[in-house]
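**Student:** Sequence:
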Amino acid sequence: MSRRPGGWPYIQYRGGPAGFLTTVDASTLAFADFRGNRQYITTGNVRANDRVSLFLMDYTHRQRLKIFGHMRIIDAADDPVLAKKLTVPDYPARVERLVLIAVEAFDWNCPQHITPRFT
Numbered sequence: 340m341s342r343r344p345g346g347w348p349y350i351q352y353r354g355g356p357a358g359f360l361t362t363v364d365a366s367t368l369a370f371a372d373f374r375g376n377r378q379y380i381t382t383g384n385v386r387a388n389d390r391v392s393l394f395l396m397d398y399t400h401r402q403r404l405k406i407f408g409h410m411r412i413i414d415a416a417d418d419p420v421l422a423k424k425l426t427v428p429d430y431p432a433r434v435e436r437l438v439l440i441a442v443e444a445f446d447w448n449c450p451q452h453i454t455p456r457f458t
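Just add 339 to the spot in the sequence shown (first one is 1) and you have my numbering.
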């Protein structure tokens, strides 16, 4: 979730194969951003306000994690070493940007109302 310049939250699904979200160091998460619908809403919002939240679900284990942080987006060509680290093997989409999130806080939510889902 990012925030629009007017302050309203904006939520967009970001996903990928297992392992697409990775740690860069003790307080930084990162993932590759692939060519998509070319709307660039989140990237535009982050230019005005870098505060974001991630909402990570694990239905099988009934776990939910909220992460709060500050997002920075860089062009993949500007850091080819990091781009290679964030590229998921055998994933066909082309990496355009690298998304780094400096984690400020996190919260494990109560699993009471998470319906288990199995795939």
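Bear in mind the hints are in silico, worked out from the structure with no lab data behind them. The beta-carbon is built from N, C-alpha and C at its ideal position, and this holds for glycine as well. Among the hints, erroneous ones may be present.
[Unchecked claim] Simulated restraints on C-beta separations: (1) LYS423 with GLN351: 39 to 45 Å; (2) PRO428 with HIS452: 24 to 30 Å; (3) ARG401 with ASP364: 26 to 32 Å; (4) ASP389 with GLN451: 21 to 27 Å; (5) ASP397 with VAL363: 19 to 25 Å; (6) PRO455 with ILE413: 36 to 42 Å.
**Student:** Can you tell me whether the CB distance of PRO428 to HIS452 sits inside 24 to 30 Å?
**Tutor:** Hint violated: Cβ distance 36 Å, outside 24 to 30 Å.
**Student:** Quick check on a hinted range of 26 to 32 Å for ARG401 and ASP364, using CB atoms only.
**Tutor:** The hinted range 26 to 32 Å holds for ARG401 and ASP364, with Cβ atoms some 29 Å apart.
**Student:** For the range 36 to 42 Å, tell me whether the beta carbons of PRO455 and ILE413 fit it or not.
**Tutor:** 38 Å, holds
**Student:** Do the Cβ positions of ASP389 and GLN451 conform to the proposed distance bound of 21 to 27 Å?
**Tutor:** The hint (21 to 27 Å, Cβ to Cβ) is violated, given that ASP389 and GLN451 are roughly 33 Å apart.
**Student:** Taking 19 to 25 Å as the hint, is the beta-carbon distance of ASP397 and VAL363 inside that range?
**Tutor:** At 22 Å between Cβs, range holds.
**Student:** Verify the CB-CB distance for LYS423 and GLN351 against the hinted window 39 to 45 Å.
**Tutor:** 25 Å, violated
Checked against the numbered hints above, the structure violates hints 1, 2, 4; every other hint is satisfied.
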